[in-house]
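For this one, chain D is given, so just place chain X on it according to the hints.
Order-wise, the sequence lines are chains D and X.
For the first sequence, my numbering assigns the number 225 to the last residue and increments by one with no breaks.
For the second sequence, my numbering assigns the number 523 to the last residue and increments by one with no breaks.
Calculated from the structure, these hints are not laboratory results.
Think of the CB as a built atom: it goes at the ideal place given N, C-alpha and C, for glycine as much as any other residue.
Hints may contain errors.
Taking lysine to aspartate or glutamate pairs in the DMTMM-like style, the calculated list, with each CA pair at most 25 Å apart, reads [unchecked claim]:
1) Lys13/D with Asp487/X
2) Lys54/D with Asp506/X
3) Lys54/D with Glu422/X
Counterexamples of contact, computed for chain X against chain D with all Cβ distances above 12 Å [to be verified]:
4) Glu495
5) Asn501
6) Val510
A few chain X residues that don't get close to chain D, going by computed Cβ distances all over 12 Å [said to hold, decoys possible]:
7) Leu239
8) Leu444
9) Ala481
10) Pro513
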Amino acid sequence: MQTFDLEAEGLRKLNSTLHRQAETTNQTEWEIINPRGSHAIAVGLDAPIEVTIKGSTGYYCAGMNKQATINVHGSAGPGVAENMMSGAVIVDGDASQYAGATGNGGTLVIKGNASSRCGISMKGIDIVVHGNVGHMSAFMAQSGNLVVCGNAGDALGDSIYEARLFVRGSVKSLGADCIEKEMRPEHLAILADLLERGGCDAKPAEFTRYGSARKLYNFNIDNAY
Amino acid sequence: MCGIVGLFLKDKSLEPQLGAMLTDMLITMTDRGPDSAGIAIYGDGSAANAKMTIQSDNPDVAFDGLAKRLSAAIDTPVTLTPKDTHAVVALATNKVAEARAALRELDNSIRVMSTGDTLEIYKEVGLPKDVADRFAVAKMSGSHGIGHTRMATESAVTTMGAHPFNTGPDQCLVHNGSLSNHNSLRRKLRREGVHIETENDTEVAAAYLTWKMQNGSTLGEALKSSLDDLDGFFTFVVGTKDGFGVLRDPIACKPAVMAETDQYVAFGSEYRALVNLPGIDTARVWEPEPATVYFWNH
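One chain only, chain X, in its complex shape:
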């Protein structure tokens, strides 16, 4: 069991409250996933700058002077904004790949949680409320975001086993369920040269989507083909730069509820996650159909 929440704002006046609304939704799903929690938030971006969210178990040491060292290594200005165990590195878009490689050289204990123009991912082990507090998620603004509360069934409770998983620039994935063919699929993807870090099943799904898209699929096509290539139970919510998507496996035993008003589209593993949203009493509330890809875009 895990919990998923998602919120896509249509009404720009709600954007300053996105983090607060998502935090409230996330905490409601604590008893579906008290092991660890994570949030992907699509905030402000500027055309010239890309963002990398990075993580270290020893942030005081790892992030000290890192901006300077990274800047020297890739010969371009970077800024680094620490937030607890995470930090947001802002740099030119065309330097992201170089920065990723340079970080590995500078300090291989630093993990890259996300890259993109607007996406930031924060995730840690612990109760959802504590995780949200550590990163002050409630204070963040943004156009949309997704969150996850994890009850681990497949692999260890670790930061890297927590969701969301970054699948490409400004793309991320969260998952409720369990995949049964993740070991064979991991071997296949590794043979294709795909980097997979953990024994986690969702990381394999994320890597699969990334690999599909690198080979020419759109995100929608990659999700559709996952219905054939992934065996197991899943409700997926994917974040993209301008929206989010939802896919449930054909058996659809993992729950999903959606709500839509003029102001937002919201996703919850349960209706409980949605009850504090404005206008929920008159919202259109429904369950997404099995084996059907849904997208909402700005």
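Next up, chain D with everything else stripped away, as it sits in the complex:
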């Protein structure tokens, strides 16, 4: 286990040290102490290492992650795991706005609540939120899965393309072109796997699936050139 004191050694040294870890590194476990809400912690990693941040983080923690598993033992500020490509990010507390935005792959688990715009423009990421999500979550979502074990705020899935949204609790309102959809056996199987990966013991049958009605401009063949 490598321990890195962020307050003493600084952000640039932390991220460059983590960037130097190759796929074959034997320094596979990292612990970051004194994060104190700093921005851009563990951004741009590309190695199968496990990073644990002992405390809360500021803007853009774990952005652009590839391969790494990043644990936040606290809450995360805006834009956690933004544009993740692969790997996993697990937040023990809450996440601020636009968690998992534009994520292409990997898994983001938020054990508390996520605020507004969770999964905005998601492009393949899987997001499992144990608590609630705020308004405009999955706005313009294109691919991937958003699982919400609590409730969703206003305008869920506004202008959604093709992502699957699973919500156990209430949905304050659905956004434009987002509709409730039938939960078929294959969806229950996908959801069971997501819940297991997200460390959540909720039952798939308790959830409702939402997705795209495919009625907006881009889905209308008459609009094609």
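Relative to the frame of chain D, chain X by itself:
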């Protein structure tokens, strides 16, 4: 982008440290707003005395003998305590309006930053650390206070464009965001006879709240109606004589983090602003909901 900090003490034993705690929080928010900074602090007041915080760009001349001249003009004793470009004038509560008018006559380059029983507002252009040092904010005690670091987007970087803005006796407002209908609202308020000094958007929001309250709204009601009448992005923190309030616009893209323990309620634009507060590791930390008015009172 701007930074906001706020601290409301429940534990009286912390009151002597209020200024020091707020200063530390304010400096943490420097990179959100390095242009100018300000602080509103609710300190000691006595029932018979009101306070006016006044400002001059040329304090050595403007404040020299001012207490005597003001006292003669309004026929009541006043004391004046200079602090860098600002000064606190103590006088009887029922003489505040008269003193404000008399100051305009005596020296119209003097600006009134705040009035109230306990509120003092200090704000200037410069890095938050330098501004806090000039007014020795760290040495001030009080029950609660709010601070602001400004990165100007709407109007010039000037003392009068800095926050907090005084909205009424013992009331003030700070703002992170930008309002898009401030020009039309300024025209409307001026038609109603409201005095607005600058082209700043937040001054319009402050004037709007003042105007609403003069027309019978409570502060809570005025804040609620601002959700309909103000167009743009905002996180507001308002200070009142016995507490503070928070309101975010319905889109809520301007950040806000709150923390509460048995000792205090704290506000920060970011969690970074809160990390040195006592017991923060075990505090309840959360984000205020959009379009929801919050208040904490003594």
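Going down the list of hints, with the structure as the test:
1. In summary, the hint linking lysine 13/D to aspartate 487/X is not supported, as the alpha carbons are separated by about 38 Å, beyond the 25 Å threshold.
2. Note on lysine 54/D and aspartate 506/X: the hinted pairing holds, with a Cα-Cα distance of about 11 Å set against a maximum of 25 Å.
3. Using a Cα cut-off of 25 Å, the hinted pair lysine 54/D and glutamate 422/X is violated, with the two alpha carbons roughly 48 Å apart.
4. A Cβ of chain D approaches the Cβ of glutamate 495/X within 12 Å, the least distance being about 6 Å, so the stated non-interface status is violated.
5. For asparagine 501/X, the shortest C-beta to C-beta distance to chain D comes to about 9 Å, within the 12 Å cut-off, and the non-interface label is violated.
6. For valine 510/X, the requirement that its beta carbon stay farther than 12 Å from each beta carbon of chain D is not met, with the minimum near 6 Å.
7. Every C-beta of chain D lies more than 12 Å from that of leucine 239/X, the closest at about 21 Å, which supports listing it as non-interface.
8. At roughly 26 Å, the least C-beta separation between leucine 444/X and chain D is larger than 12 Å, which holds for a residue marked as non-interface.
9. Against the 12 Å criterion, alanine 481/X falls within the reach of chain D, whose nearest CB is about 9 Å from its own CB.
10. Residue placement check: proline 513/X does not keep its beta carbon more than 12 Å from all beta carbons of chain D (closest about 10 Å).
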